[in-house]
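Peer 1: Going down the list, the protein sequences come from chains W and R.
For the first sequence, counting from 1, position 766 maps to 766 in the UniProt record's numbering; every step adds exactly one.
For the second sequence, counting from 1, position 696 maps to 696 in the UniProt record's numbering; every step adds exactly one.
Read the hints as simulated data drawn from the structure, not as lab findings.
A virtual CB, placed ideally from N, CA and C, is assigned to each residue, including glycine.
One or more of the hints may lead you astray.
Short derived list, chain W residues pointing at chain R, Cβ under 10 Å [stated by the list, open to error]:
#	residue
1	371
2	412
3	414
4	416
5	493
6	667
7	678
As a plain string of letters, each chain reads:
2 protein chains.
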Amino acid sequence: MATFADIGVAAGMNILFAVAFLVAFAILRLQPINDRVYFPKWYLKGLRSSPMHQGSFVSKFVNLDWRSYIRFLNWVPDALRMPEPELIDHAGLDSAVYLRIYLLGLKIFVPVALLSWAILVPVNWTNNTLAKSEATDELQYSDIDKLSISNIPNGSLRFWTHIVMAYAFTFWTCYTLRNEYAKIATMRLHFLASERRRPDQFTVLVRNVPPDPDESVSESVEHFFLVNHPDHYLTHQVVINANKLAKLVKEKKSKQNWLDYYQLKYSRNQSRRPVTKTGFLGLCGETVDAIDYKTAEIERLTKEIAEERERVKTDPKCIMPAAFVSFRTRWGAAVCAQTEQSRNPTLWLTEWAPEPRDIYWDNLAIPYVSLSIRRLIIAVAFFFLIFFFTIPVTFVQSLANIEGIRRRAPFLKAIIDIPFIKSVIQGFLPGIALKIFLVLLPTILMIMSKFEGFMSVSALERRSATRYYIFNFVNVFLVSVIAGSAFQQLDSFLHQSANYIPRTIGVAIPMKATFFITYVMVDGWAGVAGEILRLKPLIFFHLKNFFLVKTEKDREEAMDPGSIGFNTGEPQIQLYFLLGLVYAVVTPVFLPFILVFFTLAYVVFRHQIINVYNQEYESAAAFWPDVHGRIIFALVFSQLVLMGLMSTKGAAQSTPFLIALPVLTIWFHIFCKGRYEPAFVRNPLQEAMMKDTLERAREPNLNLKSYLRNAYIHPIFKNDDDDNEDEHIDEKIEENVLVPTKRRSRRNTPVPSKYSGTSSPSLPDVAPENPGS
Amino acid sequence: MATFADIGVAAGMNILFAVAFLVAFAILRLQPINDRVYFPKWYLKGLRSSPMHQGSFVSKFVNLDWRSYIRFLNWVPDALRMPEPELIDHAGLDSAVYLRIYLLGLKIFVPVALLSWAILVPVNWTNNTLAKSEATDELQYSDIDKLSISNIPNGSLRFWTHIVMAYAFTFWTCYTLRNEYAKIATMRLHFLASERRRPDQFTVLVRNVPPDPDESVSESVEHFFLVNHPDHYLTHQVVINANKLAKLVKEKKSKQNWLDYYQLKYSRNQSRRPVTKTGFLGLCGETVDAIDYKTAEIERLTKEIAEERERVKTDPKCIMPAAFVSFRTRWGAAVCAQTEQSRNPTLWLTEWAPEPRDIYWDNLAIPYVSLSIRRLIIAVAFFFLIFFFTIPVTFVQSLANIEGIRRRAPFLKAIIDIPFIKSVIQGFLPGIALKIFLVLLPTILMIMSKFEGFMSVSALERRSATRYYIFNFVNVFLVSVIAGSAFQQLDSFLHQSANYIPRTIGVAIPMKATFFITYVMVDGWAGVAGEILRLKPLIFFHLKNFFLVKTEKDREEAMDPGSIGFNTGEPQIQLYFLLGLVYAVVTPVFLPFILVFFTLAYVVFRHQIINVYNQEYESAAAFWPDVHGRIIFALVFSQLVLMGLMSTKGAAQSTPFLIALPVLTIWFHIFCKGRYEPAFVRNPLQEAMMKDTLERAREPNLNLKSYLRNAYIHPIFKNDDDDNEDEHIDEKIEENVLVPTKRRSRRNTPVPSKYSGTSSPSLPDVAPENPGS
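Let the sequences and hints guide you as you build the complete structure.
Peer 2: Encoded structure:
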């Protein structure tokens, strides 16, 4: 049991870390050499030029202006200054709504914290249960416990305060959640209604086109929609399986990078031509001249790519039974996306086409039966991942301990016995095995989601986020609360009665308060402050800059702006919601730590979204129902835990009062689901019709067909025309300048999305060829 | 523990009962006087005239033809003879598919029974565990137990046979279920596609029309659909709140019946004019001349009805914010029903309009928030109904026992002490309290569903069926398996661990086999045979015939054909599926009893559907997903129970093999849900377009507007024109004669649906007035 002093020391250390990170950031961001690391978003938007072009040699790399150091904290007001509508224009609705999650945390927990400090802390403090039990017993207690529910004697009437507070907190949380859901639904509809013409407004993705012996997929699609949507069908674009081509292009790019590196190396030191080996990773095999070898390789690949490109365009096997079907009006597309087409509900599946850059092309051709089998496999695999992931980790750990190494590799004995090496192995290796697994976890979850067959990057990230949350809940929260691995818990929960489980957790909760306070400070305070420092991109940028960069274009590609990373970020925030709601009634001391986290994270991520992160797709806040649902889950969980705790506290007569809480909360969730969720899933016809009518009045002669012709071709075919595209992009971007600036655009390449390569949704009229027809 | 002999006696008795019922039925149905009781369906279709019109006086009432008594069982082949397509024409798809539930039972259990008798019975029989334990222990056992899994020694390798069989049965059940789902989906689509033009194909029910200060509901609806479905909107019909009017009309009808009764009484005995009392139920109050009094009452009501009718038509308060909107094409209606109209997803809710006679008019105007609160209330109420229903029953029982009566009503002491009265009270009263509750249960459940706000009778019945099944499962099945009331079980399940619950049930299952065998015989065999006798309608018909009937029309109204009663019938069948699946592996002796039930019930209900039941609505087998889901639930439950049983049998190493079964079964359910369920929920555009095109080619000049004008007016306004309607109805019916007949139609009144009164969907062009516009 930690005392206030212990907590104070931990808090001091973490505040020190956080401040150190923030100061380091404040200094590093002012150096011109780091400009592309800390302001990549502005480069990507073409609104910032490198400050390395003007001034003396030294001032190109180091900021010598002492005045700017004085104002080293002024990024905070800068980050907060941009109003929300401008933020939506600048970084998209997804980012703006993502920030609102932190705001929601503040909205929920500021009144909750005030109320619980005003009422619960005095109620808890003015008892002496713990002092008494210490006097008679050997029980250790701390000042923090004196402020918590543990200090109330068994069966005391004071527990009614906690029950009333549980009602008040539940009511307040639900009220805030409802307001937020309504607000975000309105924002989403407004965003969808006020945005410019986009190809996905007119387009529907059709999957599982049935094979027809007499017709090609393209003909089959055309006939089907001409018959069943005669007044609305406009055109379509079949999906081509260009996965192999994409792989070849990627390989070529990597070889090109190596070639650049060797050429740069040679140009710096002309005395010796660089060499490489032909085998695996350049580590084994014959030694050859690196530049010649890579050049030959690239030539071979170029030829192969050209061949593959021809094959893909002509071979009917590469045409997948899926197509993007475009309609004359938004109304027609809305109708087709929401209705069932065929009497066999697994054929002619229609759904809104995702944004072109949001599409995950590899999954477009999975048939229905395969999809449902994949879902089963992943469900089983995920179950094992949650409950048995400790097995391989433990195995690695058992290999990596001193005795294990000594037994398996006796020849290392001499080295191991050096005290320093020994302590490193004992102290670090077991932790590292677990750490590596946890670092790999988001990737593993993303691979699982991809295997499951989702069509768009946003859906992949949402599914991964759900899985990550479940993993966190079981393997971070529950494992910390009740000692023992997840599997041991599963086993003991199976053998415990249903009303004993919340009791087990409930009893453990107050005892773990100090642990979670430390967790919040390490992961929440220092971790968030570390995020703004961007140490990894900083190092990688300078390494690339030194070894690879020759042109401005290379330098741009060396930037790694990153993205919000919904699949890892959101589940972490949710853990704080869970902790806050669980501890709100039990240990009110906990709440200020959560508040500091939400405030800090809000400021930091607002800064990052404005200045750093690249928006990879725009799903118009489609993730909000997930966020809402998980907070509701945390709320219900906290109520069950409180019930369990109360029943051990001799306040069992309160159970009937508490049982109404989860019932009402779940009902509230169902109500919200019906009232607001459709706005995130379907597109109302009224809106579509309104936009159609407006557009018809404004642009009666619009040639929609040519506008849509190339919107949905595979990005690999768009890359062909990078060079001609550039000027168009610049034009487009200058049209859309939203934040006034005096700087000229210097952007050279479009920003690649992490998954689908380059693909600019606003550029349908530049790529000249249409491989689908 | 019952022996074979005990079972034999019980079987013999129940067979005797069943045969007695069947013989009584065979004799009664041949009497002309009962013709309307046993063949009402044919009267309703207008295809049968009363045999009482020809022949001598005696032969009008009693069948004197001895030859017909010899062939007294020939209703069985008659019932089986009608082919399924004809049955669908005759009694609707709902009835035909309902019969297929029994067939499905046979399809599943015949191979299962054969396999288990061929393999499991020998495997169980050739052990001597029970004989041994009897020798050493005091354990009683019977021959039936020797055939069950109880006879296998603990930890025996023979349990692998049971595991393999569990896989085989699961596989076979799923295979059969899938085939059946596919078949019924096809039947439904074929039925919907091949049926004649019906108003509901073109019509969508719109609810929650937002109030508009400047426009009436009718104008608001028209403008909204003219704007948002400009090419497809045709006309609409606002919903009028005529509940009060309907109540008045009903009251008038009841008074009219009494008047008829008194007039008949007076005409038979002219010496004394009948008198009645004006108070409650004619039991108290002033004594008056009955005929004059009722005539005056009817006159008053007639006036009130006329006033109310005027008020309803003009008062804007009676217009509810709901409307039936009709479209030019089926395609337009399909689109509108499946899409979201407004940005607020709780306004302008659209769904397929039910058939006119399927509509439950009272619920059309419930707003969204009220609906979701009602759902919460009913969910809580249903929970209490399931787990606490014994409290009022026990209370009544405690009042109704000897000691209770003696204490509370000492003046009855003399009567109670008569031995005969005493034994009656002791033997019957407690049972009667429970029985009355169980008889009332379907009505209570139906009231709950009505309160919940469903729009159509079919939906009400489906929801009631689900509730009834849950009630049966908890309060019949579980309560029988584990002694103790449902509430005691809930309590003990809350205090038991999750893996102990299936074990508790699993251990009890084999011991209860004989109880359930008796249950099947009493409820299944004798009960079904009793159904065909129709004792209650028989008595009521003759009573009405004697006291009320004056004209042919009255006699027709005195018929009570009844209906399938999906809300009570289907949950009962499901109980047999549950029992069959649970006992298939454990006690194979059970299966033949189930098979007899399914065979007998199939024949009986086929006969009833052909000759008796009146089809109240046609939902085109919309209930099948429920049926499928409940069988899947029974399958998963049986697998869990088997796992529990195995783990107590020293065969715990089999758990990993068995755990795959529920996982695979649930996956199968999800697969089927995705693959087939949409066919029961949505209407594919392809089908709609096909029918539209055909119709346009066949009848290019169809005046759809006049066809649809009066389809969806409240039945109360249609009744006005009963007399003019009749001839049209006859015409229509003769067009649609499907079963060849030589008899002339004698039908005089249309058949009222139990809930919504008369409303003939095929009669849109006869009612001249349109109260909605």
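Peer 1: Against the structure, test the hints numbered earlier, and report the numbers of the ones violated in rising order.
Peer 2: Hints 2, 3 and 4 contradicted; others consistent.
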